[in-house]
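Now for the letters of each chain:
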Amino acid sequence: MVLRRPVSQLQGLALQAAAVLFILLVWGALTWGSPEERVLSPLTLPSPFEVAGHVKTLWFDAALTRSTGWSLWRILLGFGLAALIGIPVGIAAGCFRAVESFLKPVTLFLRNVPIAALIPLTLVWFGLGETQKVFFIFIACIGFVIFDTTRAILDVDERYAETAYTLGAKKHQVIWKVLIPLALPDVFNSLRLLFGLAFGYIVLAELIDAKFGLGYIVQVAQRRGPREHIYLVLFVIVTLAFCIDRLLWFTQKKLFPYRFVEEGE
Amino acid sequence: MAGTEVPKAKDGHPADWAPEVVPVEQEPHGPKPPVVQFKQVTKRFRQGSQWSTAIENVSFVVEDLPEMGEFITILGPSGCGKSTVLRLIAGLQPQFPPTVGEVLIFGQPVAGPGPDRGMVFQDYSSYPNRSVLGNVEFGLELQGMPRKERRELARVWIEKVGLGGHETKYPHELSGGMRQRVAIARSLALHPRIILMDEPFGALDPETRYSMQELLIGLWRELAATVFFVTHSISEAAYLGDRVYIMKSGPGRLEEEIKLPRPDESPIAVESRNDFREVVALLKEKVHGAAARKRSETAD
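Quick note, the sequences are listed as chains L and Y, same order. If you number the first sequence the way numbering that gives the first Met the number 0 does, the last residue is 264 and the count never jumps. If you number the second sequence the way numbering that gives the first Met the number 0 does, the last residue is 299 and the count never jumps.
These are calculated hints, taken from the structure and not from any lab test. Warning: the hint list may mix true and false statements.
Taking lysine to aspartate or glutamate pairs in the DMTMM-like style, the calculated list, with each CA pair at most 20 angstroms apart, reads [as the list claims (entries may be wrong)]:
1) Lys169(L) <-> Asp115(Y)
2) Lys168(Y) <-> Glu198(Y)
3) Lys31(Y) <-> Asp122(Y)
4) Lys170(L) <-> Asp115(Y)
5) Lys285(Y) <-> Asp122(Y)
6) Lys252(L) <-> Glu264(Y)
7) Lys170(L) <-> Glu140(Y)
8) Lys176(L) <-> Glu140(Y)
9) Lys169(L) <-> Glu140(Y)
10) Lys168(Y) <-> Asp115(Y)
11) Lys253(L) <-> Glu172(Y)
Chain L regions said to be covered by chain Y (calculated; three or more residues, Cβ under 8 angstroms) [as the list claims (entries may be wrong)]:
12) 13 to 21
13) 250 to 260
We put the beta carbon where it would ideally sit given N, CA and C, even for glycine.
Extracted from the complex, chain L is given alone in its bound form (with noise of 0.2 angstroms):
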């Protein structure tokens, strides 16, 4: 094998594919048998027929539907606030540097905190319910848009501004027709590596008091059960994280064309 050398497509499927044959077989051989003759005890990992064997009662007992519906809307809420707040704040810090040094503490801080410390805090300013919910992912995602929004406008070649300046352009128009254009594809791309992020947030949000969420299901099924929801929720968040990734990456793909292609000559 040639060192670094990618795969063809075909054989990096087959080996994907085998990754999760591989895993199927191990889970299953653990999990083999009558309860009392297993490796590992029906109590600590169900057998992956029992886990499919309960995609019934989650969708239908537990509202999966429903819950995921909610969880998506905190997201939405507390994710859209930051980029609505944090994507203005940045290009301004991007292009005053004094703007980026005044807001560089609290950038800092907001990037550096342990995120599930927040939640505890949230619940004393925001006490229970959907407040505390939303502004945990808000707060929790503010301080990376406003700093890859700086980033990104910061990253824009200062030739772009200088060509903009020779042909007659005011700091204005250099703001809004040439650095806000050019980060924009770079921005975009980070919020859509954050939301990835904010689905992580939000589940560690429902876990403490919520009515209903994806998170809500995996708490309420460690307590009471049946366990194999809780395999198969993460199934579900993995899956629905994935697709709105691709789903964001082909927008992106097709709002910035020119961002996806060779240096052609």
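Start from chain L and add chain Y according to the hints.
Frame of chain L; chain Y shown alone:
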């Protein structure tokens, strides 16, 4: 060979293409204010606790020739301050403002960049998020020209630089030469009196380079603008320039210029002429002599 000696063509008869090596014109003598005047311009940069001098005491004058502009090419070793001179005329930071001295455009000190001084760079020259049309009309858009009007004008310029039919393409779909055509059209659409070009053809292959040189000369004749053209290619400087400024490094200075007759042949045809080769040889000695002198200075 002494620098000021006029070379003779190899085939015996005196070269009709005689370069004239003279000290750089420093004082204006026309009744009108010169297009560009550098008055003892020095630019220093602070690097940590050290100061480095990009150019020192550079003075020159480019007169306003009615109904025609001059084509000035600037040659010199790396780090001699060629780009600094260009960016000082353009009014671009951090080279602008000068540490000492004055840069005058039509008698007025430069206050900052403006559309009267168009600039074409070597890279990142066209906006990747705009089509060819969007790029070419960009300057006009910045001036607040109504959409319909500026589109029309942009199309005229796209035609002039030979990009007709490519209006809706994006820069990533164009070759390097085509992208430079876009940048030239965008800049010239504003009818600048001064055109600044910082190695615009530096990244192009020789054939594209030749065709770009011919295109540029054609457009320049039509516009009657004054062009400052920085290049590393000696034959390019010789072919394009009415005058070639020779800059020296350590620190950047400008002492000599070489006046050249304008060829009426294509750049390829000219390269096989003996007298052109003589000019190139002379320029080469001027430039590399400058580099060699720098080496001996540092050795002292």
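**Prompt:** Within a Cα-Cα threshold of 20 angstroms, do Lys169(L) and Asp115(Y) meet the stated pairing?
**Reply:** It holds: about 14 angstroms lies between the C-alpha atoms, which stays within 20 angstroms.
**Message:** Against the 20 angstroms threshold, does the CA-CA distance of Lys31(Y) and Asp122(Y) hold or violate the hint?
**Reply:** Cα-Cα ~36 angstroms, so violated.
**Asked** Taking 8 angstroms as the C-beta cutoff, is the stated coverage of the segment 250 to 260 of chain L by chain Y satisfied by three or more residues?
**Response** holds (count 5)
**Prompt:** Is the hinted pair Lys253(L) and Glu172(Y) satisfied, with a Cα-Cα distance of at most 20 angstroms?
**Reply:** Holds: Lys253(L) and Glu172(Y) sit about 16 angstroms apart, inside 20 angstroms.
**Prompt:** Do the alpha carbons of Lys169(L) and Glu140(Y) lie within 20 angstroms of each other, as the hint requires?
**Reply:** Distance of about 12 angstroms is within 20 angstroms: holds.
**Asked** Does the structure keep Lys176(L) and Glu140(Y) at a Cα separation of 20 angstroms or less?
**Response** Given that 20 angstroms is the threshold and the Cα spacing comes to 10 angstroms, the pair holds.
**Asked** When you check the alpha-carbon spacing of Lys168(Y) and Asp115(Y), does it fall within 20 angstroms?
**Response** Answer violated: Lys168(Y) to Asp115(Y) is near 28 angstroms, above 20 angstroms.
**Straight-line alpha-carbon gap Lys252(L) to Glu264(Y), limit 20 angstroms** = violated, 47 angstroms
**Item:** Pair hint outcome, Lys170(L) versus Asp115(Y) [Cα-Cα no greater than 20 angstroms]
**Value:** holds, 17 angstroms
**Message:** For Lys168(Y) and Glu198(Y), compute the direct alpha-carbon distance and say whether it is at most 20 angstroms.
**Reply:** violated, 25 angstroms
**Prompt:** Do the alpha carbons of Lys285(Y) and Asp122(Y) lie within 20 angstroms of each other, as the hint requires?
**Reply:** violated, 28 angstroms
**Request:** Take the segment 13 to 21 of chain L, compare each residue's beta carbon with every beta carbon of chain Y, and decide whether three or more fall closer than 8 angstroms.
**Result:** Three-residue rule not met by the segment 13 to 21 of chain L, so violated; n is 0.
Hint compliance for this structure: hints 2, 3, 5, 6, 10 and 12 are broken, all remaining hints hold.
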